[in-house]
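Now for the letters of each chain:
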Amino acid sequence: MIRVIVGKELRALFVSPLAWFLLALMQVALTWVFLGRLDAYLHVQPQLQQIANPPGFTEIIVTPVFAMAALILLMIVPLLTMRLLAEERKNRTLILLMSAPISISEIVIGKFLSHMLFIAGVIIFIVILSTTLSMGGTLDSGLLISNVSGLFLVTCCFVALGLYISSLTTQPAIAALGTLGILLCFWVLDMLESDQGSWIHYFSLLKHFKQFNSGLLDSFSIAYLVLFTLFFIVLTIRHLDGDRLHR
Amino acid sequence: MTDHSASSFTLSAQHLSRAYSGTFAVHDVTLQLKQGEVLGLLGPNSAGKSTTMHMLTGNLAPNSGKIEICGIDLLDNPESAKAHLGYLPEIPPLYMDMTVDEFLVFVAQLHRIDKKIIVQAVERCKKKCGLTERGNQLIGTLSKGLQQRVGIAQAVIHEPDVIILDEPTVGLDPNQIREMRQLIRTLGLSSSIILSTHILSEVESLCDRVLIMNKGHIVFDQTLAQLQKKGTNLETVFTELTQI
Numbered sequence: 000m001i002r003v004i005v006g007k008e009l010r011a012l013f014v015s016p017l018a019w020f021l022l023a024l025m026q027v028a029l030t031w032v033f034l035g036r037l038d039a040y041l042h043v044q045p046q047l048q049q050i051a052n053p054p055g056f057t058e059i060i061v062t063p064v065f066a067m068a069a070l071i072l073l074m075i076v077p078l079l080t081m082r083l084l085a086e087e088r089k090n091r092t093l094i095l096l097m098s099a100p101i102s103i104s105e106i107v108i109g110k111f112l113s114h115m116l117f118i119a120g121v122i123i124f125i126v127i128l129s130t131t132l133s134m135g136g137t138l139d140s141g142l143l144i145s146n147v148s149g150l151f152l153v154t155c156c157f158v159a160l161g162l163y164i165s166s167l168t169t170q171p172a173i174a175a176l177g178t179l180g181i182l183l184c185f186w187v188l189d190m191l192e193s194d195q196g197s198w199i200h201y202f203s204l205l206k207h208f209k210q211f212n213s214g215l216l217d218s219f220s221i222a223y224l225v226l227f228t229l230f231f232i233v234l235t236i237r238h239l240d241g242d243r244l245h246r
Numbered sequence: 000m001t002d003h004s005a006s007s008f009t010l011s012a013q014h015l016s017r018a019y020s021g022t023f024a025v026h027d028v029t030l031q032l033k034q035g036e037v038l039g040l041l042g043p044n045s046a047g048k049s050t051t052m053h054m055l056t057g058n059l060a061p062n063s064g065k066i067e068i069c070g071i072d073l074l075d076n077p078e079s080a081k082a083h084l085g086y087l088p089e090i091p092p093l094y095m096d097m098t099v100d101e102f103l104v105f106v107a108q109l110h111r112i113d114k115k116i117i118v119q120a121v122e123r124c125k126k127k128c129g130l131t132e133r134g135n136q137l138i139g140t141l142s143k144g145l146q147q148r149v150g151i152a153q154a155v156i157h158e159p160d161v162i163i164l165d166e167p168t169v170g171l172d173p174n175q176i177r178e179m180r181q182l183i184r185t186l187g188l189s190s191s192i193i194l195s196t197h198i199l200s201e202v203e204s205l206c207d208r209v210l211i212m213n214k215g216h217i218v219f220d221q222t223l224a225q226l227q228k229k230g231t232n233l234e235t236v237f238t239e240l241t242q243i
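Residue numbers (numbering that gives the first Met the number 0), protein chains in the order written: chain A, 0 to 246; chain B, 0 to 243.
Be careful, since some hints might not be right.
[As the list claims (entries may be wrong)] Chain B regions said to be covered by chain A (calculated; three or more residues, Cβ under 8 Å): (1) 54-64; (2) 69-79; (3) 87-95; (4) 98-110.
[As the list claims (entries may be wrong)] Once the Cα atoms are required to be at most 20 Å apart in a straight line, the calculated SDA-like pairs of lysine to any residue come out as: (5) B/Lys214 x B/Gly64; (6) A/Lys89 x A/Leu17; (7) B/Lys114 x A/Met0; (8) B/Lys114 x A/Arg10; (9) A/Lys206 x A/Ser218; (10) A/Lys89 x B/Lys143; (11) B/Lys65 x A/Pro100; (12) B/Lys115 x A/Met0; (13) B/Lys65 x A/Leu244; (14) B/Lys126 x B/Thr185.
Keep in mind that the hints were calculated from the coordinates and are not lab data. Quick caveat: nothing in here was measured; it's all calculated off a predicted structure. Even glycine gets a Cβ: it sits at the ideal position worked out from N, Cα and C.
Chain A extracted, bound-state conformation (with noise of 0.2 Å):
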């Protein structure tokens, strides 16, 4: 059942420009960021030969390209999952799911799953884009395996927070700002603390991502992602359920 709606939902994706446009936008800007990097590499690649230990082109290349895409994912995931929800409300479907005989929980995962599909043929994208290096050198693939499984896990979490606040709100416009709001805070969160034992530094996705971004592969980070992410698609189906109890 939850293929249903996961191959309901894909096809809403793609029927409409906005998913289309997006793809574009993402792949020029990342190809951009990445011919950058590369031209800069080429530029200091002499230097580099005089160094004892000197840095891969993955760290100089792919990595920020990385951190770029976890940037411009955290402002397309909350343009995406805005009508997840809030438009099946508007328009009163959402009461043609409710009545089939289909769990809540359902729903709300195939809706998860579905765009953790369109982004994952995202980060697909940019293997491929890395992997052209691979003509010229070794490509560090550790270090590769560390930043998509960090991208994948930490836009888990901004889908499953679009997907909550989707929840919340009949206007899906509403549930972009908002979802956009939450997820910067949660971004920049350790900015409030210089302090960097200080507990608040555990909250920031930021500083999550960042770990994976460098190439570690830590279970408390890749912990507190999977969390986060259960956490708002937990609070999703409790929200749907909630409102048949009481409303």
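Knowing the structure of chain A, use the given hints to seat chain B on it.
Leaving out everything else, chain B in the frame of chain A:
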């Protein structure tokens, strides 16, 4: 009526109550639907009809009471109970950016119709609802009457035992109303139907039994045959009971 065993009814709701912030919208409503019966649900606006229908279709949980559809408890076992149910809300739940075919296939999948027979089911359903030539049209471009038919098609594609229709003829022109009634009559041959409406003549021409709600209570529950025997007409009864 409540003494019958639940299994002889396709739908049985016992002592349903639902309060919104302290005031009861529906209070102690008991209703039962026999196989093949068409039940007219009447009542002034805000009498609790829509709330009742929302509860019967699992969109709203009752504060107290029990609902069984084909003997399956809706609250304990919502997924298997809802499989026997087709629902057309007041505003038909349609995705305007889908074509009629795409939408009906999606609904068929939602209702777990076997993959192999989905195409047949969609064709049969379109034929029944007079949508055969509209398969490739976007729902958003259809007229109100046709959209209403897609709404009905959505509710009957899985051939449910119980069909619940909330004001299906609102906003249609006289020809469309006649066609819609004809369609409801055909559906009534194979399923039990609850029909909510404001049009008294519609109840007289379509329904076997009539139920009048007022202020959250059921104030009248008789078959039309009983009513005719007494020689009273529906309009007098309705005005008497609801105009207080």
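- [ ] May I ask which of the numbered hints given earlier this structure violates, with the numbers listed in increasing order?
- [x] none
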